[in-house]
Structures are given as C-alpha cells and as structure tokens.
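Novice: Residue numbers (the numbering used here), protein chains in the order written: chain A, 1 to 117; chain B, 118 to 673; chain C, 674 to 923; chain D, 924 to 1276.
Worth flagging that the hints you see were computed from the coordinates, not collected in a lab. Please note that the accuracy of each hint is not assured.
As the list claims (entries may be wrong) - DEER-style ranges, computed between Cβ atoms:
no.	chain 1	residue 1	chain 2	residue 2	range
1	A	Leu89	D	Pro954	47 to 53 Å
2	A	Phe110	C	Gln884	51 to 57 Å
3	D	Val969	C	Ile870	40 to 46 Å
4	C	Ser830	B	Ala262	43 to 49 Å
5	B	Asn281	C	Leu733	28 to 34 Å
6	C	His698	B	Phe474	37 to 43 Å
What the hints assert, rightly or not - With a Cα cut of at most 35 Å, we get these calculated DSBU-like pairs of lysine-lysine:
no.	chain 1	residue 1	chain 2	residue 2
7	C	Lys781	B	Lys240
8	C	Lys812	B	Lys365
9	C	Lys812	C	Lys802
All values reported here derive from a predicted model rather than from experimental measurement. A virtual CB, placed ideally from N, CA and C, is assigned to each residue, including glycine.
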Amino acid sequence: MSEQNYELEHHEGPHIVSPFLYLAILLSLLVATGLTVWMSFIDLGEWRIAPGVTLFWNPVVALAIACTKMMLVVLFFMHVKYSPKLTKLTVGAGLFTFIVLVGMTMADYFTRAWGRW
Amino acid sequence: MSDAVTIVNLPDQSTARIPKMNYLSKENGLLSWLLTGDHKRIATLYLISITFFFFIGGALAGLIRLELLTPQSDLVATDTYNKLFSMHGIIMVFFFLVPSVPATIGNFVIPMMVGARDLALPKVNLLSWYLYIVAGGMMIYTMAAGGVDTGWTFTTPLSTHYVNTHVITTGLAVFVAGFSSIFTGLNFIVTIHKMRAPGMTWFRLPLFVWSHYAASILMVLGTPVLAITLVLIVLERTIGIGVFDPAKGGDPLLFQHLFWFYSHPAVYIMILPGMGVISEVVSTFSRKRVFGYTAVAFSSVAIAVFGFFVWAHHMFIMGISNYAALIFSLLTMLVAVPSAIKIFNWAFTLYKGSITFETPMLYAFGFMGLFTIGGMTGVFLGATGTDIHLTETYFIVAHFHFVMVGGMLMAFLSGIHFWWPKWTGRMYPEKISQLAAVVTFIGFNLTFFPQFILGTLGMPRRYASYPPEFQILNVFSTAGASVLGVGYLLPVLYLTWSLKYGAIAGNNPWQATGLEWQVQSPPLTENFPEIPIVDHEAYDYEWLERQREKEVASVG
Amino acid sequence: MSDSTAVAHGAAESAHHEHPPYQRHHFETVAQQFDATNFAMWLFLLTEVMFFGGLFTAYLIMRNWYYPAFVEGSHQLNVGWGTANTGVLILSSFTMAMGVWSAEVRRKGLLVLFLCITWILGMAFLGIKSIEYTEKWEKHHVPGIHWSESSFLNPRSDPEVYKEYHDKPLAPDMADKTEMYFFLYFAMTGMHALHMIVGISILTFMIIRAQAGAYTTGHVTYVENFGLYWHFVDIIWIFLFPLLYLISRY
Amino acid sequence: MSHISPVLWQFLVKWLTNFALFPPEASKIAPQMDELYFFMVLVSLVGLTLVILLVLSFSILYSRKRHPVAVQIEGSTLLEATWTIIPLGLFLIMFVWGALLYFRIYTPPANAMNIYIVGKQWMWKAEHPGGQHEINSLHVPMGEPIQLTIISQDVFHSFSIPAFRVKREAIPGRYTSVWFEATTPGTYHLFCTQYCGTEHSHMIGDVVVLSRDDFKKWLQGSTSGASLAQNGERLFASLSCTACHNTRPDARGPSLANVYGSRLTLSSGQQITADDAYLREAILNPSQHITQGYAPIMPTYQGQISEEGVIALVEYIKNLDSDYRVQQTTASTTLPVENEGKSTATTPGTVKP
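This is chain A alone, in the form it adopts within the complex (with noise of 0.2 Å):
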C-alpha cells in the first residue's frame, strides 16, 4: 500500500482550492448540463452491429456527459484530485465494484439470447 509511517507521510492538510476554480468548474457542468439536453433533442442516429443488436447513439453521449461531469465533480468539487492516493484508490474501488455488479448480470442477460437456453 502506498502510504507508509503516518507522520512522514502527513502533509499541510486539505489543499484549499480557489474559488475561481470552483466557479470554472460550476460553469463547465452547467454548459453540460445543457450539451446533454440539446443533444437528446437531436438523432445521432444508431450502428447497427448485427442483426436485432443496434447501439444507439444518444444514450452513449448522454452517459458520456455524464460522466465528464461526474470526473469534474469528483476531481474538483470533491478534491480527488488533491487528494492522497489511497482516496483515488478508493474511489476506484467503488467504480469497479459497480462495473462488476451491472457488468457481470447484464453479461447474463444478454448471453442468454445466445442459446434455447
């Protein structure tokens, strides 16, 4: 694990952010929020990889933006950014274990199709 003897370890405490940063931050999330709705009125169209499996285009933007926007909240607002590592690790951590639980049942799902089964 990366931290080792706390004392050599500890720094000056949090890192204080400047409020411009913030302000920047608030405006980017703002014209996201915005791009997202704009592009949901707007048909990106569709590929379609075989037969009956399309891929939609809006959904994949959508979530795209979304998770920019999630980044720049977690980077900045919540200072992962400036943050040790163990919280990056740990932050990680949590989307992995999401990706695991959606991931792995939906791999079931859709294989199912695969066979009479």
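Assemble the complex: chain A is given as a structure, and chains B, C and D must be docked to it using the hints.
Specialist: Okay, now just chains B, C and D, sitting in the frame of chain A:
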C-alpha cells in the same frame, strides 16, 4: 502439567492480582457501558448479544433436528417447521456468523494489534452495536409475532406475494443489521489504514488484521446491495412495486443476482475472520512464524477480490445463460485456490515447530480438518455438472455447515479461548475446555457428515417430512446435534465460571508475540500507556525472547 | 490552518501535548483525525454507490427489455423541470464547495451564507421534485395506487406530450410495462430525494453550528465530509437525469 | 442384542438393509455424473488425508516434548507454487469435466419426446403430448430421450429426479428445460427441491420408468380423449386466434404452419429461432415478438390463459404442419368459448398409475 506439554506461563497465583486499573474497572454502572466508546467494552457488549442470538438460533436448530427424527412432520406442522428453519438461517447468518468474529474478537484486538488506542471511529462503533440491537429487537419481535417462513434467502416471488408472515419486519431487521456490519467493516478499514503505530508497516501486521481487512472490504462493498434488494422486497410487499414480480414484467432472477451479489461474498465475510484467528492460534502454539506470511496475507485479499465474481454459482440450475454459468464456474474454481493455500500454509507452520495442544489449538485443528472438507465439497457444487445433482439437497446444507459451523464457529471458539485471558484477565479451565473441543468435533461430524450422504441420495433441503428410507441417517444427524449442543453449552458454563474462579492470567499467558499480549490483561481503557514503536515483524518469537531477557535483566 | 498544523506536528512529537479541543483523544494528531474521518466518509460513499448500484442494474435490465415503454414513459417527464433541477443541484454543489472553502479560509460569515444558499437550493430541488410528483399523480402515473395506462394506449389523450413527440400507441402488453418505468422512476428519484432530505436535515444542524463558529477554527473535517456527501448526491442525479428524462427525445 | 434393546436392534437392522451411499443410477447421464462425483470424492479424500497426515505427523514429530525449540522458517516459494498449481490444476479439470456434463444435461437431443411440466403450489402437473395428464407423477418410457419443458405458475420450484441426476428450476414466466434417458424400469423419487412455501415437503411424487410396451399400454389406458395439440386447437379457436392467423390473403397475422423451429426475423430486425419460449412470449407479450411485415396489433393474453393453456397452444402450433386444419376451423363455427384456459384443467386428466 509439566513444562514440556504446555506453554502456559502464569504468574505466581498467590501474589498475582488483576490490575486495578483496566477497561472493566474504569467506570461502573450501566450507562458507562451503554455510552462507551471503548472498543473493548463494545466488543464485550457484542459478545453477549451474539451469544444470546447464537443460542436462540441453536434452539431453533435443535427443534429442526428433533422434527427430522421421524419421516412424518409430527412434532411440528409444516409451516411451523418452515418458520423454524427460516429463522434459524436468518438469525445464524445475519445475527451470529456475520458479526461473530469481527464484531467481538476483531473489535477487541484489532486496535491493539495495530498499536492504536481505539478504533478510528468509536461513536460509529457504538452506533453499529445499537443498530445490531435494534435489528435484533425487530427479529425478536418477528419471532414473537409469529415468525417468518421465506427461508433466509427471501426467494421472490414467494417472499413478496405468496406468504403472509412477517417478511417486512424481517427484511427491515436484516437491512438494519446490514448497516451495523457495514459500519464495523468501515471502521476496521479506516483503523487499519490510518491508525497503525509508528513502524507498523503492512507486512508487520498480524494475519488476523489482514483477514479482517479483506472481510471488511466485502462488508463495505457487498452489504449495500443486499440492503437495496431488501428495500425493493419491502416496497413490493407494501406498495406493489414490481421489479421482481414476473406478473408485472419484473424478473425474479434479478432478485437472485442482487441477493447473491451480497450473499456469496457474505460467506467470505463469515469465514475470513475465522481464518485470521487460525493463523494467530497456529503460530502461537507452534512457537513459529506463520509459514509463507505473504502468501497467507495475499490469499485473504485474493479471496476478497475474487469473492465478488462468483455469485451466480448459486443459480446454475435457475436458468441463467449457460455461458454465464461457465464463466462463474471457472471463477469459482479460482476462488477455491487461496483457501487451499491457507490450509497448507497452516499445516506447514507446524513443521519444525514446538507444538502444544491447548484448547485454542485443538479447535484450530478441528477447523483445519472440517474446513478442508467444507472447502472441497464447495468445489463439487462449484463445478456446473455435479451442481445439478447436488444443489438444493442436504449436500449443500452439509457443505455450508462444514464451512460455517465447522469452520467459523470452531474458529470463533478457538479465538474466544485464545483471547479470553486478555479479555477477562483470567484463564479458562484447561481440561474441561479440551473436553468441550473434542465433544464439539465429534458431535459436529456426527451431525453433518450423514447429511452429505443424504444429499447425495437426493434428500431435498427444507423438507419437514421425507421419504422413510432417509430416516436412519437423519437419526444419526439428530443424535449428533444433541452431542453438539452439549459441546456448545459447556464453554458457556465454564467460561462464566472462570470469570470469578479462573486463574489469574498475567500479561502474556501464551507467550504470544502480538502487541495485544505485551500489555496488561485486562488492558487499560487506552490500551497502551505509551503508543509502541514497532521494530519487528509479526510472529517474531526471537524478538519476544529478547524482550523477556531484557525484562529479566532489568528486574534482576 | 497554519497554527493547527503546528499543533499537529507538536502532537506528533509528544503524545502528552496540548490538543485542540476538537481532537478526539484516541488520535495522535489532528491530521490523523482529519485523514481518518475523511477516508471513512469516502468508504461510506462507496457503500452508497453500491446501494444505488442495485437500482441502476434493475433499471438497465428493464430498460433493455421494455425499451418502447421506457421511451414513452420518459416522454411523460418534463424536461424543463428536470433540467432546472439539474441546474439547481449543480449550483448547490458549487455553493457547498464554496462553503468548504470558506471554512478552510475561516470566514464565518461566508460559510454561513454559502450553507444557507445550499440549503435553499436543496429545498428548491425538493420543491421542483414535488411539483413533478404532483403532476404524475394528476396524470395517473403513480404506479400501483394511482395508475392508468391510458396515455400510453392512446397518446393523443395527452395533447401536450403528443404534439412534442407524436408517440405511437403502445401495444397493450407494452403499455403494461410503462408501469415498470414509473416503478423505477419513483424508486430511484425517491431514494435520491430521501438522501436529499437527510442531507438538508444535517445541513440545518450545520448552519446553526457554523453560526456559533464551530467550523471556522481550523476544524474543517465536518464541513468537508458533509460536502462529500452532498456532491455524491449530486452525482447520482447527474446520472438519473439523462437515464430517466432523456430517453429518445428526438 | 435384540433382547437388550429392541428399538436399537430394529434400528440397526433397518440401517444395514437400507444403507446406501448413492441413489440408483437409472438414466444414461447418471453413471457419467457419478464418475465425476467419484473423481471429486477421490481428490477430496486424498487432499483430506494429506492435510490430516501433515497435521498429525507434525504434531507428533514436533510436539514440545520432542522438539522444545522451534526453528523459524520464512516460507518456501517452491512449496507455495506447488500447492497453488496442483489444486488449481485439479479444480480446472473438475471445471472442464463438470461443464461438459452440464452442457450435456441441459442440451436436449433433437429427437427427444417433449413432456411439459407445470409446477404450482404444491403439485407437479405433467402434460404428455398425447393429452395424458398426471399430477405428482411422471410416466416415461425406457431408452428414449425425454425432454421436459418446465414452467412454474406461481413461485420458484425445482424439478428433481435424484436417480436420473437431473434437476431444473421451474421459474414463473419462463420455460426451462432438461432432458434424460431412463435406463432401468422402476419407480423413483420426484422432488421439489426449491423451497416453495408451506407444503414444500409434500410436493413430491414418483417417476415411473416403463418399458416401451408398458408405456404404450399406459398411454392408451390414461388417455383423456383429446391430445394436447387437440386441446390447443380448441383453445386456439375459442380465443379467436384464427381471426388473424389464417391463410386468407388479407390475414393480419402470419400463418403459423411450420413456424416452429424456423428462423424468424422480427420487426426489430432481430433473428430468432421460434422455439417453445418464443411461442409462449409471442402469445403473452406479443408486441416485442412481431414477425417482420406485420403490424403490432395482437392483443396480449397475459392473465387470460393459464400456463396449461399456453402449453396446449404451444403444442398445437408446434404440430401445425399445414394450414388445412386452420382453414377447417375458420370455416366452421367456433367451439363454445372456454376462457381462462379452463378447457384443459377441467378435462378428467389425472391418471393415477
């Protein structure tokens, strides 16, 4: 007993006294206990509460075995029987096994093992106990009001639409108990990361701490999924939300996915802390560092990580996609390996040791044998083909009782005996406790081994009545259960006796190396007069020897 | 901040050093206390992620199965209110971050101001949410107790939505499944709103404490941790918004 | 002994006469399953003996009496690797072996005779294609592959025949299937192994394996007058399915002749094989299962037909290899409406052996 067969090293009983200042004597009165932040007192509260629930669960188990003495359902009606096994399962899993070692022994020794004065969040620790009590109260209420008969797995749509027992209160009780376990796990992780004494690096931590760390990760990440699943069940019963209801387009298999996403890792929550106990005990009573420390440490973490990828092996015959079954089966095989690693490492810890056979060690031997059987039969069930025949029969009942009771309960008793002197300052009586260990082992095998054969023969689980040809083996099982009951009652009696009459233990009766053994027993409220600076690895018996020489020199 | 770190370093040298009043006895240093509680908060958020994870899994599976029903169910939601609410929540996240900043630079007045704005924005979110819920009730879109499928069997009966999206009538079996969409809509937004309510209650308590100057003495842990919680609730909404409101709006 | 304790004596006699470690092997798959099972038992025994031997011998050799001072050993990478790789290898063998078996048990051969099983609280209903109904029993011929198509009407059940080593969950709202080929005549246990409520332990029955001739006799003796497909046909007519699924050029629904087993393109563009599960879904949730080129106008029959009714319809459509019969029914007046699928439930179908 001569010196050659025991390592017990007690102070001179004529002069020894329990230290006047200790965590038990610091403050008196009920309030000082109910409002305490001291991890040792909370551990004691937990110990009392889980023992209470263990005996309720045990009594239910006794009734189950009595009913199964005869093929007909003659002692109790079928629905009463269904309530008995449901509540036995719920109480034993959520109110005994999950909190058993972590919330009691873990709570008591982890802060001392890492060299801290307390857990990182004492109030959260106390909150966890209160949540447990609230949940336990709800469970008792459920029992008094007529019980629940869904089985501990709450299978939908049975639990949501087809039974009219107290599913809602039970669901909420388990929900609350889940948060109690989340807070315990969270507290451990923070403590292990942030509260280690100077010099206490990760690879100087006792393996007990490693295994609790792994179990805590599972608690923190797995339990909330169970919580939301139970919320959905409660909502389905109260306002008819249909996520799991096939009649409304919902999917009962989704419930299985979400439930087992927690409940499979939950078995590792139950067994990992027990494995930690065994590491400590085996090392102490063979006077040797644990063979392959890093391998044992990382196998705990591997179990925690892989534990999240295998849940659908509970659903092989339930109509999941066969491809998914394949993947989950493969991953199940992988998660079986770290357990094998641990077993062999413990066995080789004995190699060239200097072994004595006090009670904790006897329980640990029992653990190693029974857990090997439990683990191997898990592979039978993890392999897709044999799972078809064996699942949902008594084979699976025997399998998880070998792991949970033969494994975790043995480890729990081992740990309780091992840390009893630290906890109370007094020794338990050795001879009778050795007898109890042996009785438990025999009773256990007599109870659960026949169930493997029953399962292979095809006797389904959760049956109140069964075809008469299965009776013989069931009689054995019931006979064994009564022996097992004696084995569990004995420790309660003599441990209570020892509170007053046990020999004064002194600081380190086992001459163990853990930091918790270097302080007085029972410890001070703040654990250490001065936070220790750690300069040695775990299980360093040479360091211990040097310490003792130093002491002798300074006294002399 | 500077003198509290000095205290922290001092405490590291000797366990018997004078502690600041907010340092709990079992911690060696203030910094250790901050780190530990901060980390604990993150772990708690981890459990929250998994808590919502179950709902998201259910949502994704049902959405895949009953896509047409989810499309028309989603068209019944008001994008205007949804967008407004997203803006409100993002803004409240910003004011919360500013609140943490005020605590860090020890400006009591600013801290109270920002916490109050956050409180108001939180209430505004719940207000808008309740307007939306009322609308659902009036349209008989509350599954179970107050439910009717008529707007999906016959979209023309709802001219406002119809002129926007020209939805085709759903087949009866698919129209049944719109109930599933609203189950999940209410479960997910309800669970989110519950988190908002808890957050606002804590915030109320915090405003009183902040007024008394409890968080401007260098002890920012509490504000910082609450901020984490608040941002987390915001993030959940950031995902709920496109998933629930913006299905096939074109 | 017998005069010391008659009870104990009786018990011992009972034990020795009834003692069995394995259920009878009465299907083709059973010996294969048992081979793997024995292999696993063997591996477990070897593993267990190894652990016990290690623990015992070390306990004796290195007890404090004989070996007062422990030798500190760090560990051994070689040994760690050994007990990682060997168990892993063994487990992987079991995995592959088990997976092969699993696919065999859950992949019915094409020529299997299909019997429908409906589980409900607390009984098993079996529907033979010839129209024979059974409750809590199942008669099957020897030496013929039998496929079971299983569904539950309420909660999860599990259809288990230990002597055949097969088991499959009965799930509400979905067909599952399993197959076996019985090899030894006799009567075997049939269990519900998934906990399903109060009378769970009474949801048991018998599987009777008969020789082919006996089975034929049994079929004749238990006939209910109409075959399953004929019941289906009646239901098909009474639900007015023929109003759309007919052969007229302006028919609003596709013709169903020979549809079973064919490859269909749905309106979503997806290609699927029309199997039992598809037919069931198409009746209950039609809108997602519309064949390309047809409008999604079919009403849902959810809640209007019982599972047995759906089974009869599926069986009817399965056996529909020409439109002749449909035309006949369309032309003639429809039979009296027997809604709610009662048509099959009311037939005097229960035949006890």
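Novice: Does each hint hold? Answer for all of them.
Specialist: Okay, the hints, checked on the actual structure:
1. Here the CB-CB span from A/Leu89 to D/Pro954 is close to 51 Å, well matched to the stated 47 to 53 Å.
2. A/Phe110 and C/Gln884 have their C-beta atoms about 54 Å apart, which keeps the hinted 51 to 57 Å range intact.
3. Taking 40 to 46 Å as the suggested C-beta distance range, the pair D/Val969 and C/Ile870 does not conform, at roughly 60 Å.
4. For the pair C/Ser830 and B/Ala262, the supplied restraint of 43 to 49 Å holds, since their beta-carbon distance comes to about 46 Å.
5. For the pair B/Asn281 and C/Leu733, the supplied restraint of 28 to 34 Å holds, since their beta-carbon distance comes to about 33 Å.
6. Distance hint check for C/His698 and B/Phe474: the Cβ-Cβ separation is about 42 Å, which falls inside the suggested range of 37 to 43 Å.
7. For the suggested pair C/Lys781 and B/Lys240, the alpha carbons sit about 27 Å apart, so the restraint of at most 35 Å is met.
8. Pair hint C/Lys812 plus B/Lys365 holds up; C-alpha atoms about 20 Å apart against a cutoff of 35 Å.
9. Annotation: proposed proximity of C/Lys812 to C/Lys802 holds, straight-line Cα distance about 15 Å (limit 35 Å).
Checked against the numbered hints above, the structure violates only hint 3.
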